[in-house]
Amino acid sequence: MSGPTVPGQRSLVVVTAGLSQPSSTRLLADRLAAATERHLAVLDAPATIHVIELRDHARDLTNHLLTGFPSPALQAEIDAALGADGLIAVSPIFNASFSGLFKLFFDVIERDALSGAPTLLAATGGTVRHSLAIEHALRPLFAYLDAATVATGVYAASEDWGTSGIAGDGGLASRIDRAAGELARAMAVRSPRQRRDTFADPVRFEDLLRSPTD
Amino acid sequence: MQFGIFSVGDVTPDPTTGRAPSEHERIQAMVAMALKAEEVGLDVFATGEHHNPPFVPSSPTTFMGYVAAKTDRLILSTATTLITTNDPVKIAEDYAYLQHLADGRIDLIMGRGNTGPVYPWFGYDIRNGIALAYEHYSLLHRLWREDVVDWEGKLRTPLTGFTSTPRPLDGVPPFVWHGSIRSPEIAEQAAYYGDGFFHNNIFWPADHVKRMVDLYRRRFEHYGHGPADTAIVGLGGQVFMRANRADAIREFRPYFDHAPVYGGGPSLEDYMEQTPLTVGTPDEVIERTLGFRSIVGDYQRQLFLVDHAELPLPVVMDQIEMLGRLVVPVLRREFAIGRPAHVPDAPLHPRVAATRGAEPAPVGGTRDADPAPVGAVTA
Chain G
1 MSGPTVPGQR SLVVVTAGLS QPSSTRLLAD RLAAATERHL AVLDAPATIH VIELRDHARD
61 LTNHLLTGFP SPALQAEIDA ALGADGLIAV SPIFNASFSG LFKLFFDVIE RDALSGAPTL
121 LAATGGTVRH SLAIEHALRP LFAYLDAATV ATGVYAASED WGTSGIAGDG GLASRIDRAA
181 GELARAMAVR SPRQRRDTFA DPVRFEDLLR SPTD
Chain E
1001 MQFGIFSVGD VTPDPTTGRA PSEHERIQAM VAMALKAEEV GLDVFATGEH HNPPFVPSSP
1061 TTFMGYVAAK TDRLILSTAT TLITTNDPVK IAEDYAYLQH LADGRIDLIM GRGNTGPVYP
1121 WFGYDIRNGI ALAYEHYSLL HRLWREDVVD WEGKLRTPLT GFTSTPRPLD GVPPFVWHGS
1181 IRSPEIAEQA AYYGDGFFHN NIFWPADHVK RMVDLYRRRF EHYGHGPADT AIVGLGGQVF
1241 MRANRADAIR EFRPYFDHAP VYGGGPSLED YMEQTPLTVG TPDEVIERTL GFRSIVGDYQ
1301 RQLFLVDHAE LPLPVVMDQI EMLGRLVVPV LRREFAIGRP AHVPDAPLHP RVAATRGAEP
1361 APVGGTRDAD PAPVGAVTA
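Heads up: the sequence lines are chains G and E, in that order.
By the numbering used here, the letter at position 214 of the first sequence is numbered 214, and the numbering carries on one by one without gaps.
Each number in the numbering used here comes from the position in the second sequence (counting from 1) with 1000 added on.
In short, the hints are calculated from the structure, not lab data.
Hints may contain errors.
[Claimed, not checked] Pair ranges (Cβ atoms, derived): (1) E:Arg1333 <-> G:Gln75: 31 to 39 angstroms; (2) G:Ala34 <-> E:Asp1229: 18 to 26 angstroms; (3) G:Asp146 <-> E:Arg1333: 50 to 58 angstroms; (4) G:Arg185 <-> E:Asp1150: 54 to 62 angstroms; (5) G:Ser20 <-> E:Ala1336: 53 to 61 angstroms; (6) G:Val203 <-> E:Pro1117: 25 to 33 angstroms; (7) G:Phe199 <-> E:Arg1127: 47 to 55 angstroms; (8) E:Arg1218 <-> G:Asp56: 33 to 41 angstroms; (9) E:Ser1059 <-> G:Arg129: 57 to 65 angstroms; (10) E:Glu1273 <-> G:Ala34: 34 to 42 angstroms; (11) G:Gln9 <-> E:Arg1127: 35 to 43 angstroms; (12) E:Ala1032 <-> G:Ser20: 20 to 28 angstroms; (13) E:Lys1070 <-> G:Gln75: 40 to 48 angstroms; (14) G:Thr62 <-> E:Ala1336: 26 to 34 angstroms.
Remember, it's a predicted structure, so these values are computed and weren't measured experimentally.
Beta carbons are placed, not taken as given, at the ideal position from N, Cα and C, and that holds for glycine.
Work the whole structure out from these sequences, hints included.
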């Protein structure tokens, strides 16, 4: 499912913070990715999909927080996320908010790195009473990161997995399809992202001297 | 090429005993380390500067003046001087004065400091860190080169008709390195002035260090100071040595596991793989250090950190002995092999260069090929 960026293709990166293997969080992430891929194909904007399973990097994330630099494996995942044309971010809801592991990943990413990136927010939980956690916890975080979140967030409680899989009946499948369509359209209208390399292309000293303070 | 040691000057409890030295003990330990560095033939001792506990070195020039009086050939430097929160006028005065006392045996490494609360204690704001480094240094640069300065900036009160006294020794300003771990803006600043660039080379993987140094070299050439491979590069490094590797790792591990910066994080083994930290035999330290050349090119200064995380002073003195007697003589010889003749040494004050039988600044020191005469320096 994961692969290197293909020139001319967009890159869809999925960040999932499920803990068990397999997890309902990963299941939801995969459904969202597949639906987004279908919509992108219809829009003639094919994408490669890369999944970042945060559990695999839990120790490296803690080490990065403590030492200030990532391991090579974590660096590769961060680079993938920063180069993404679209992002799907899925967390389990613990104690009324995203999990600590989910937040760790976004804490070690540079402040402006996700600026403008089309982003779909999703979450899982044991009860529908946590549905609004996407709106009160995830959305403010991504607003701060200046990501371009799509309007529909997808929350899946245990009972949602027992609903009809038919899109259009208002159940989980419908919400997945609607959110994926929004993300795909946001990705399709943008050219593939190009990151500026501050080392290859430094700001001239004279310009830095003139830059405003405060 | 210059070799030496640098100390952050932290006071931390020894994890194997729970005992922390007093501030007095720590300050005297730094003096003892500097004197030992000269005794065993190292070239440089650099002191940190901090204005918050648990660090002791708040007054680097006091330390440097005292050590200069007790040594004959050791170059005293800083790691780093806080160009952000210090008044550039006071830096200009203090270090010019120190030049006169130390007969030119000083230089400085500029750094920003990354502790937010320290800035407002001196009337500044960490969000202006880069801007402060630029503006303060541009003023400092002029104060050492122009006898009468009229100046106005955004972050300090203006100056009219100001003369910084004393003037630099023989009219030659102290050599300046700019240190930064991750900010390309500082590599750009060092390149713009044709100053040195120092990477502490402790906390980051080699490919990051290489990107910073490559940028500095490329821009040094861009600004017309000479070919990229003649730019003046310094590196840090962190080592712990014993006669065999297993003993070194066993003895150092508790200090690593509880060190203020990386304790509780990666394993010692992972950290050694991902950063330049070398714990092992003197030969392993030599091999790893020689490898730095393949990362940053032929460079001018190598400083080692040997007293981090409250290693006991006798252990630290052992480390300095091993550096001076076993490691550095080999490094001098090996680094000289294949080093192009046009690659300069780090600039020395003309008075210092003269005592070493070298050409005066900007290029000084021809001692690369010769192991230092161990212990032959006291007058």
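Now the hints, each set against the structure:
Range check, Arg1333 (chain E) to Gln75 (chain G): about 36 angstroms between beta-carbon atoms, so the 31 to 39 angstroms window is met. Judged by the Cβ atoms, the range 18 to 26 angstroms given for Ala34 (chain G) and Asp1229 (chain E) is violated: they are separated by roughly 53 angstroms. Take Asp146 (chain G) and Arg1333 (chain E): their Cβ atoms lie about 54 angstroms apart, and the range 50 to 58 angstroms holds. Take Arg185 (chain G) and Asp1150 (chain E): their Cβ atoms lie about 59 angstroms apart, and the range 54 to 62 angstroms holds.
Taking the beta carbon of each, Ser20 (chain G) and Ala1336 (chain E) are about 59 angstroms apart, inside 53 to 61 angstroms as hinted. Here the CB-CB span from Val203 (chain G) to Pro1117 (chain E) is close to 29 angstroms, well matched to the stated 25 to 33 angstroms. For Phe199 (chain G) paired with Arg1127 (chain E), a C-beta distance near 23 angstroms fails the hint of 47 to 55 angstroms. For Arg1218 (chain E) and Asp56 (chain G), the Cβ-Cβ distance of about 37 angstroms falls inside the hinted range of 33 to 41 angstroms, so the restraint holds.
With their beta carbons about 60 angstroms apart, Ser1059 (chain E) and Arg129 (chain G) fall inside the hinted range of 57 to 65 angstroms. Hint check: Glu1273 (chain E) to Ala34 (chain G), Cβ distance near 38 angstroms, so the stated range 34 to 42 angstroms holds. Taking the beta carbon of each, Gln9 (chain G) and Arg1127 (chain E) are about 39 angstroms apart, inside 35 to 43 angstroms as hinted. Taken as a hint, the range 20 to 28 angstroms is violated for the pair Ala1032 (chain E) and Ser20 (chain G), whose Cβ atoms sit roughly 56 angstroms apart.
Lys1070 (chain E) and Gln75 (chain G) have their C-beta atoms about 46 angstroms apart, which keeps the hinted 40 to 48 angstroms range intact. For Thr62 (chain G) and Ala1336 (chain E), the Cβ-Cβ distance of about 43 angstroms falls outside the hinted range of 26 to 34 angstroms, so the restraint is violated.
The structure fails to meet hints 2, 7, 12 and 14 from the earlier list, while all remaining hints are met.
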